[in-house]
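A.B. asks: For reference, the chains in residue letters:
Number of protein chains: 2
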Amino acid sequence: MNPRMIPLALGLLLMTGASVAHGQGTGSGKATVDRTKEEAALRAADLAWAAAAGRKDLDATVAFMAADGETLPPNGPAAKDPAAIRKIWADTLAPGSSVDWKPVRVQVAASGELGFASGTYTTSSNDSSGKPVNDRGKYLEVWKKVDGNWKCLMDMFSSDLPLP
Amino acid sequence: MNPRMIPLALGLLLMTGASVAHGQGTGSGKATVDRTKEEAALRAADLAWAAAAGRKDLDATVAFMAADGETLPPNGPAAKDPAAIRKIWADTLAPGSSVDWKPVRVQVAASGELGFASGTYTTSSNDSSGKPVNDRGKYLEVWKKVDGNWKCLMDMFSSDLPLP
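These protein sequences, in sequence, are chains A and B. All letters in the first sequence, in the order written, are residues 3 to 166 by my numbering. All letters in the second sequence, in the order written, are residues 3 to 166 by my numbering.
This is chain A alone, in the form it adopts within the complex:
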């Protein structure tokens, strides 16, 4: 190599290093975010969440929520802290009740750290007289990446069935 080219080579090396650092630093470069892969990961996280709820594992279920997450239930106030969110899940996973859901529409931003999932759910429970009650509806979840894992930031759901 011509010794006079060394500074240019160094510049090019710096450029490469800077681009890589830029991509890693923002997590937003096309080169570093594979949206198809991230959308598959978000969908898998949503299904793993439903599986945890299906086996009534309360700790594992609430662990899918981000620390600053919110649960927005129908006919009740928003739950904006972990204790309030845990209370909603404890009721949902109470003995005699069951819940399942499946994502239909999943999309992740080009930057790979924010996305959403929407789909359908079914629940069954017993009313105060012990009579079985089935419900079905839809949901909308906003997810964000926290330390490399998808966590649910906003969780909202409502029945498809008319008011009783």
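A couple of the hints might just be wrong.
With beta-carbon atoms standing in for the labels, derived distance ranges [unchecked claim]:
hint	chain 1	residue 1	chain 2	residue 2	range
1	B	Asp70	A	Pro79	46 to 56 Å
2	A	Asn136	B	Ile90	35 to 45 Å
3	B	Ala62	A	Ala69	15 to 25 Å
4	B	Ser100	A	Asp129	30 to 40 Å
5	A	Asp129	B	Leu60	36 to 46 Å
With a straight-line cut-off of 27 Å between C-alpha atoms, the simulated DSSO-like cross-links for lysine-lysine are [claimed, not checked]:
hint	chain 1	residue 1	chain 2	residue 2
6	A	Lys104	B	Lys153
7	A	Lys82	B	Lys89
8	B	Lys146	A	Lys39
9	A	Lys39	A	Lys133
10	A	Lys153	B	Lys39
11	B	Lys39	A	Lys104
12	A	Lys146	B	Lys82
13	B	Lys153	A	Lys153
14	B	Lys89	A	Lys146
15	B	Lys89	B	Lys153
16	A	Lys58	A	Lys146
Simulated from the structure, these hints should not be mistaken for lab results. Virtual Cβ for every residue (Gly too), placed ideally from N, Cα, C.
Chain A is already provided as a structure; the job is to place chain B on it using the hints.
C.D. replies: Showing chain B alone in chain A's frame:
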């Protein structure tokens, strides 16, 4: 400048150019997306939407929805096409009814093309006997950029009040 430094300077120039091109090409670089500005624009769009609904301008109201948007009302099926979404809005904006809402939490992805807004709403209407009925609740909207404008992709809302 030391002439031996020119190649290095050239390399640094290339590096800067490459970083800018990288940011522009993906629309996702920190250099090209001002998240604070985008979040303000999303919030403003949500408030403009509420203003259009407030003056019962049905065309302007439904125009805030993306062409592939969905409205997810409580106690009813998801509206997944423009005609079904327009029907929900026509009912919401019917004579004697009114609606207002305000975003509380707004966040846009680093790439600037996907975000969400969540906040509170109030409605008033008359029941079948003509008696005024007031409702209040919360909502969750996912927004995406379409041709430079924020459009609502997923719109969900539910009452804070217990079932009647």
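A.B. asks: Would you mind marking each hint as holding or not holding in the structure?
C.D. replies: Hints versus structure:
1. B:Asp70 with A:Pro79: 46 to 56 Å: violated (31 Å)
2. A:Asn136 with B:Ile90: 35 to 45 Å: violated (25 Å)
3. B:Ala62 with A:Ala69: 15 to 25 Å: violated (38 Å)
4. B:Ser100 with A:Asp129: 30 to 40 Å: Given a distance of about 35 Å, which is inside 30 to 40 Å, the answer is holds.
5. A:Asp129 with B:Leu60: 36 to 46 Å: holds (39 Å)
6. A:Lys104 with B:Lys153: holds (25 Å)
7. A:Lys82 with B:Lys89: violated (32 Å)
8. B:Lys146 with A:Lys39: holds (20 Å)
9. A:Lys39 with A:Lys133: violated (44 Å)
10. A:Lys153 with B:Lys39: holds (25 Å)
11. B:Lys39 with A:Lys104: Violated: B:Lys39 and A:Lys104 sit about 35 Å apart, past 27 Å.
12. A:Lys146 with B:Lys82: holds (25 Å)
13. B:Lys153 with A:Lys153: Judged against 27 Å, a Cα distance of about 24 Å means the pair holds.
14. B:Lys89 with A:Lys146: Not satisfied, since the Cα-Cα distance of roughly 33 Å exceeds 27 Å.
15. B:Lys89 with B:Lys153: Within the cut-off at roughly 19 Å; holds.
16. A:Lys58 with A:Lys146: holds (24 Å)
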